[in-house]
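Put the complex together from the two separate chains, hints included.
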Amino acid sequence: MSIKSGYHRKMLQVDLSRGKLERVTLKESFLDRYIGGRGFGAKLVWDNLKRHGYKIDPLGPENLLVIAPGPLTGAYVPSSGKSSFVAISPGTGLYGDSSIGGGFGVEIRQAGLDAITVTGRAPELSVLLIDNGDARIIAMPELKGKSCLEAEGMIKEKLGTHSVRVAVIGVAGENLIGFACVNADWGRNAGRTGIGAVMGSKNLKAIVVRGDRDIPVHDLHGLMAEHDKASSYMQEHKYFRMWQQEGLMNVIAYANEKGILPTYNFKDSVFARAHQIDGATMLAGYKIGDSACFCCPMCCGNVCLVKTGKYAGTVVEGPEYESCAMLGPNVGIDSFAAVLSANRLCDELGIDTISTGNVIGAVIEGYEKGVLSLADLDGEDVTWGNEDAILGLIHKIAYRQGIGDILAGGAKKILQRWPEMDQLLLHVKGLEQSAYDSRPSITMGLAYATSDIGAHHTRAWTIAKEVEQGQSWTDDEKVDIVIYHQKVRPLFDMLGVCRLPWIELGLSERHYQNFYRYVTGKDATLEELLELSNEVYNLTRLINSRLGSTRLDDKLPFKAWAKPPLTGPMAGKVIDQHEFTKLLSLYYQKRGWGEDGTPPVSMEDRYD
Amino acid sequence: MLLDAGNMEGRVTKKLTVIPEQCSGCRICEVVCAIKHFNVNNPKKAAIRVLNVYPQPVTRMPIVCSQCKTPACAQVCPSGCLRLIDGVVRLIREDCVSCFKCVEACPFGALYAHDDCDWPIKCDMCDGEPECVDKCPKGALRLIPVAALGEAKRLNNILSYTQMKEIEFYEKGEKKTIRYAEIGKEEL
Numbered sequence: 001m002s003i004k005s006g007y008h009r010k011m012l013q014v015d016l017s018r019g020k021l022e023r024v025t026l027k028e029s030f031l032d033r034y035i036g037g038r039g040f041g042a043k044l045v046w047d048n049l050k051r052h053g054y055k056i057d058p059l060g061p062e063n064l065l066v067i068a069p070g071p072l073t074g075a076y077v078p079s080s081g082k083s084s085f086v087a088i089s090p091g092t093g094l095y096g097d098s099s100i101g102g103g104f105g106v107e108i109r110q111a112g113l114d115a116i117t118v119t120g121r122a123p124e125l126s127v128l129l130i131d132n133g134d135a136r137i138i139a140m141p142e143l144k145g146k147s148c149l150e151a152e153g154m155i156k157e158k159l160g161t162h163s164v165r166v167a168v169i170g171v172a173g174e175n176l177i178g179f180a181c182v183n184a185d186w187g188r189n190a191g192r193t194g195i196g197a198v199m200g201s202k203n204l205k206a207i208v209v210r211g212d213r214d215i216p217v218h219d220l221h222g223l224m225a226e227h228d229k230a231s232s233y234m235q236e237h238k239y240f241r242m243w244q245q246e247g248l249m250n251v252i253a254y255a256n257e258k259g260i261l262p263t264y265n266f267k268d269s270v271f272a273r274a275h276q277i278d279g280a281t282m283l284a285g286y287k288i289g290d291s292a293c294f295c296c297p298m299c300c301g302n303v304c305l306v307k308t309g310k311y312a313g314t315v316v317e318g319p320e321y322e323s324c325a326m327l328g329p330n331v332g333i334d335s336f337a338a339v340l341s342a343n344r345l346c347d348e349l350g351i352d353t354i355s356t357g358n359v360i361g362a363v364i365e366g367y368e369k370g371v372l373s374l375a376d377l378d379g380e381d382v383t384w385g386n387e388d389a390i391l392g393l394i395h396k397i398a399y400r401q402g403i404g405d406i407l408a409g410g411a412k413k414i415l416q417r418w419p420e421m422d423q424l425l426l427h428v429k430g431l432e433q434s435a436y437d438s439r440p441s442i443t444m445g446l447a448y449a450t451s452d453i454g455a456h457h458t459r460a461w462t463i464a465k466e467v468e469q470g471q472s473w474t475d476d477e478k479v480d481i482v483i484y485h486q487k488v489r490p491l492f493d494m495l496g497v498c499r500l501p502w503i504e505l506g507l508s509e510r511h512y513q514n515f516y517r518y519v520t521g522k523d524a525t526l527e528e529l530l531e532l533s534n535e536v537y538n539l540t541r542l543i544n545s546r547l548g549s550t551r552l553d554d555k556l557p558f559k560a561w562a563k564p565p566l567t568g569p570m571a572g573k574v575i576d577q578h579e580f581t582k583l584l585s586l587y588y589q590k591r592g593w594g595e596d597g598t599p600p601v602s603m604e605d606r607y608d
Numbered sequence: 609m610l611l612d613a614g615n616m617e618g619r620v621t622k623k624l625t626v627i628p629e630q631c632s633g634c635r636i637c638e639v640v641c642a643i644k645h646f647n648v649n650n651p652k653k654a655a656i657r658v659l660n661v662y663p664q665p666v667t668r669m670p671i672v673c674s675q676c677k678t679p680a681c682a683q684v685c686p687s688g689c690l691r692l693i694d695g696v697v698r699l700i701r702e703d704c705v706s707c708f709k710c711v712e713a714c715p716f717g718a719l720y721a722h723d724d725c726d727w728p729i730k731c732d733m734c735d736g737e738p739e740c741v742d743k744c745p746k747g748a749l750r751l752i753p754v755a756a757l758g759e760a761k762r763l764n765n766i767l768s769y770t771q772m773k774e775i776e777f778y779e780k781g782e783k784k785t786i787r788y789a790e791i792g793k794e795e796l
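Going down the list, the sequences are from chains F and A. Quick note: the first sequence uses my numbering, first residue 1, plus one each step. Quick note: the second sequence uses my numbering, first residue 609, plus one each step.
Chain A with its partners taken away, still in its complex shape (with noise of 0.2 angstroms):
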């Protein structure tokens, strides 16, 4: 099913994804994360981390891994602790040397270090069930199935590329609205 958490094998099929321009830095996502993983109340130990930059036009960014398929946390641990497990980067604290080369290595920087902490703070899907996806009050963060990753962005592109008409119409006396693109009309 589509909408399931993962599919028959027990993978996880879906991403934690980031719409940046819907957070509004409220860091509700990171107090949450760091209650679950530490139990305790300190927005600092958390996996994801609300970026606030100015003034650009996203003005705030929640960073938190990808669990990339070919992670570069992964390919420079020296220890092999971190493993790509069921579709999620996995830390097996066990093996970890505290090196934090991970921390450095991630393209996003979406790795985290803190001084109580001997291993490096990453995101763990929380067993398919991200709590930050759940308290978001903004819906910035989403749980989308793989196949779907992207959908909004090309439908965001086809919008704003072609010249959308709206004409409004009835339908059991409810009114709604349909739009269409009026191809061509231009050259005549």
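Only chain F is shown next, with the shape it has when bound in the complex (with noise of 0.2 angstroms):
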């Protein structure tokens, strides 16, 4: 069964430097075999290093920006927001990816274009604006320097209407920052692996969409009906209401409760102070609105205002888990309304959360550890929970003031100028790692060591799982687990929806086949549609290889073997060094690639 529907099959391409922009009709069999989404990025990304004798400068004008939503964004699909970063990260210097929510995805959609690329370099700092069949590079020098937000309006204020969707960049991004991201919809986040470097090494500052044409569908009807029964299941669960109110914010306290949240660097992984920075604290005091993503009832987003104290005005979109967890415990601060601040300061300045508190995380422990001094910190004094020194780190970072010049780096340009932060630092492949702790969770582990991007639990999320119910899992098991995560979340961010509802509130998956199948109009079944996207997992792993990457780098931060959290219900659990090595030669065979980690030669004939 072919695809008839669901694509407008069209790509704008945009070359920055010589001002071509170009609208190129989509192949069926790259529709057919990418879906979208990451699909279309890595693949894209691949025949750009290709092209380039596989040698790509991530801030150079040949590293190529895909921008793609999927099959299923923007159709009445729950949870339909999304869309794909993609490009060589600046941070890793392999693939990269980020999702945004919002509506974003969603107007690109409305304005006919399945994808755009992006490459080159704008001679001064432009905006690329897409308005339906019209597309053009307008340079906007004055929005340099100006915050994430304050250049969304100043855009609409500019073109005269709130109907466009504007992902900007803020200073991080344009100062190159190895963990920049590229915000939307004021205040969502496309956060990691630097995808907003990529767009400041292209003199890009934002990318503005307006369109109001059909997105196609197969069957109309089909659909509704589908989304309809989807969407009855997700409100009648049991924790409906509670993801509504509270969204990723009640991971908080589950985290804190289970111990796998990270505190002072992860040196512990309860937060005595939890209960000051959780989601209840959040609805008594300081949330103000919900934000939902498009078509999602789940509306996980919230909207929250600070009335009192020094941090009094302070809005943002936000915190979720990982900003909280990153930005609070992480760096020792027990205030939720410093948190606030310090999630407006990231999106204001264009900075990953995640990132940020980890990086400084580390540089606490590294300066109580004595591994770096006060002159390295330019004579001030961070310290955990002090919360005007770490706030005004991420200031510094972003300007790349001080110490901020090397840090916003990355992990990897951390490492380079301390060697001896390697104990200290959590990252994967130079990918600062998120806010799950994985000393109690093997499958974990393995899910961080072995994902693209780094460590970051995007691909595979079998934390819960394994805290509540693996303690028998076989070795078969848990490396099953893994790689079925890692065909199953990555399918999401194809199609271009959430994965939330799933992961969350149990939405069977198969869900997705149906849906998939009433907007293209292809029959597919969800293990074809699995096998599709491992099939991707398979390119990614490719590129990276072909970037140098091998076994070496799937490896664990220093603290997931040799340091356990101190306390908690976790305290005294590592990651066994042995047990990790035959687990990740299991993970390797079953995956079909060599002991040191590199997929076939012959691989490489199937992305023609």
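This list has only true hints and no planted wrong ones.
Straight-line Cα separation of at most 30 angstroms, DSS-like style, residue types lysine-lysine; simulated pairs:
| hint | chain 1 | residue 1 | chain 2 | residue 2 |
| --- | --- | --- | --- | --- |
| 1 | F | K20 | F | K144 |
| 2 | F | K4 | A | K644 |
| 3 | A | K709 | F | K156 |
| 4 | A | K746 | F | K307 |
| 5 | F | K238 | A | K746 |
| 6 | A | K783 | F | K238 |
| 7 | F | K229 | A | K746 |
| 8 | F | K158 | F | K144 |
| 9 | F | K10 | A | K644 |
| 10 | A | K773 | F | K287 |
| 11 | F | K238 | A | K784 |
| 12 | A | K746 | F | K156 |
Hints listed in this document are in silico derivations from the structure and should not be mistaken for laboratory results. Note that the coordinates shown come from a computational prediction; the quantities given were computed from them, not determined experimentally.
The following block contains the structure:
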């Protein structure tokens, strides 16, 4: 069965150096095989990598940036507001992607596009403006140095309309920070892997989109019926209201109870004052509104306001679990108002909250342990929970002042400057670890180690299941669950939908084969879709492999196997290195990769 | 009956009311409205739109026709194609000259224009059972009898005006609370 609908079959190619914009038609085989989102991104990045002899400077004009929603983005499917930003990451030098929610991807689809690619470098700071069939590059040097939120406002002001969606970088992106992000809809972020710096390197301050075209759907009535089934299931779930109210902030209390909450740079995994920064605290005194992505009944996003004290007047879209954990307990901050202020600062500067909290946590511990001197910290006494110093450090990173200039490079640059920091800084492949401790969960360790972008939980998040049920899992079961997650979770990013209805409310992944069928008209089973997702996983591995990554890079941070959490239910737990090595070999074997983690050369032929 | 869609004369006696504080900005209302009226998946063809303004305390506001009894849109319509019929301002498409004066005249901006469409896009209340109200996952859109309009605000006003005290008590073993105002206590 072929693809009958679901796509505009059009991609906008932008070469900023030449000022050239071209709409190209996408082949059916491409749509069929790579689906959308990260699938499109991986294939296009791979082709570009081959064109450049497998050498790409992430901050060079040759690095191809792909922005791709999926076939379900904008369709009447629960939580269908997702799109992916894909490029070679400036933080890791390897494959990078990050997805963004809100409504930006929907607008791209309504402008009649399935993907946008950007190469080159604009002669001055510019904005890419897409208005339905029209696309232009407009120089807007006046946006230089403006925060994400201010720039979004200025762009809307200049265009005289609020009916556009703006994906914009802040100072951090302009200053090429290794973990700069892309911000849209006043605070949604494509946070990870430094995509903001890729835009900055191209002198591209923002992508502005307006579209009003129909989103192609093969069988609208079938889709509505499927939507209603899925949506009723979600709304009847016992935790549905809790998700609407607290969103991901409910995870703070859960993680603290289970002993997996990063605290003091992962020295510990419970935080004594977690109740001061958890979902209940947010609801009691800070939350002023919900914020949903397109077509999402769960609305996990929060809008918070600080009403009193030194941070009074701070409004932020957020926080969610990761931002709150990394900018809270991980740096020792126990004031929710301060967490909100740090979150807002990150949104303004356009810097990833996870990496920022991770790096600052490592710096504080480094200073505590004497690895970093007071002089290294520019004479600033940065200690646990010192709000002013921590906010100041975030600022210094984005503006590359003093120590900020080194931290701005991300894990890899920090370790070049201070190799001893390797024992303190948690990262995989140069991507700073997100807010789930892996020490009590070897499958989570395997997930981080084998994630194509580095230590992020987006590809596989097995920790809850292992902590709750996995004590007697066999090696096969452990590896299988990681591989299954690595198939199903990226599939959501390819389809352009959020995975939370599935992972948090248990919405069956079977629904998605039906959604896909109703939208595209193509019959595909879930297993077939998962296989396509798996092929993309092999492809991102090939990309990393060709960029020089091997088994040596699939390693866990020092703390994961050498430094157990000090207190709480997981006190004393670390990952057994010997067991991990065994699992990793088994993982490669099951994936059909070599013992050194390299996919067979013959695999490359599959992606011509 | 208070809860019926219309009274015995068949007139719609309920108003589609927006509670912006409840809106999450998910735009499901837009999608279902467009599907129902245009049979396409296109939120930009909806007669209700969520406007997101930042950083006001109310950050999301669905904007939809109030079915005014003296409709500004009808007053500027040169062809008289907007008419109040049974409590709903209806658009008679055959008479519309596509001038879109009505879109600009509406004090709430609750009429919309789209390139594909020769007439303004306007809420018709789905014959008394608005799809958006039915599908809103937050209860931000409600169908409220005209007589009860403003009741929630009145209640809020009273609650915040008087100094409410709370006591707990048990009724048939079930814990309950009752609120009351301690009037005049402060002067004592």
